[in-house]
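J.: Sequence:
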Amino acid sequence: MTGTRLERVREALAEAELDGIIISSPVDDVFGNQSANRRWISGFSGSTGYALVALEGAWFVADFRYTEQAGTECGPLGYEIFPRAGAMSDWWPELCRTAGLAGMDLGFSGADFSLEEYEEFLEAAREMEAGAPKLVPHSGMIEDLRTAKDATEMGSLQRAIDVADDAMAKVQQLARPEMTERELALVVEQQVRLAGGDGISFATIVAAGPAGAMPHASPTDAVLGAGRPIVVDMGARVDGYCSDLTRT
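Position one of the sequence shown corresponds to residue 1263 (this note's numbering), numbered consecutively onward.
Honestly, the hints are just simulated from the structure, not real lab data. Be a bit skeptical, because a hint or two may be false.
Computed Cβ-Cβ distance ranges for the label pairs, DEER-style [what the hints assert, rightly or not]:
hint	residue 1	residue 2	range
1	Glu-1389	Arg-1509	50 to 58 Å
2	Val-1398	Thr-1510	47 to 55 Å
3	Arg-1388	Asp-1412	20 to 28 Å
Just so you know, even glycine gets a beta-carbon here, dropped at the ideal spot from N, CA and C.
All chains should be built: construct the whole structure from the sequences, respecting the hints.
T.: What follows is the structure, encoded as structure tokens:
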């Protein structure tokens, strides 16, 4: 699966005249919705880490919390696991030596990094004086590759749809007029988990009566009531892929 993706990334790197690309996430992705590029290329489902793909070789950089997980998820896909500790200036020079990055042009996207991380990379490179790769802004490469879904991705998307459908069928059975919007939203999220989802795609919208006219209403303590329309906008996440369903 990701072996083929690595090949596609390397073809794109060659076309862009880059020697490699490094991918993180703009924030610690504790909710699993900010690191799609990193997960697509590495298989890593944790919140923090760096995927480095060169024309020859691939490394996943993880701190002590995630080295075992990275070994399980990324190792079989062709990644060497590089444990990191301390500030970036402590581990980046060693990784550059390990991966042979001296003098290389290394692509990165602003969508996958915070400004603070970028500045830390620059500072670490200045401290190295020699042997540091050049960071080259290059946006959209991974996103463009992700637009063409493979069979594994299509399967995950279909499962996300099926989980959401199954969850909503159960929610319709469990909904009661005396429930509040917040309570029904909780039922939705619980049923997504029980149906096999990894979690919800986004904050569940439950809006009863006139509130249903607001496209992105937030659930409140308002009682659903009898004989009123109820809008539920929800989705399920499976293997990092999301569905989005709206039911009235």
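J.: Give a verdict on every hint.
T.: Outcome of the hint check:
1. Glu-1389 with Arg-1509: 50 to 58 Å: Cβ of Glu-1389 to Cβ of Arg-1509: about 56 Å, so the range 50 to 58 Å holds.
2. Val-1398 with Thr-1510: 47 to 55 Å: Once the Cβ atoms are compared, 49 Å apart, the range 47 to 55 Å for Thr-1510 and Val-1398 holds.
3. Arg-1388 with Asp-1412: 20 to 28 Å: 40 Å, violated
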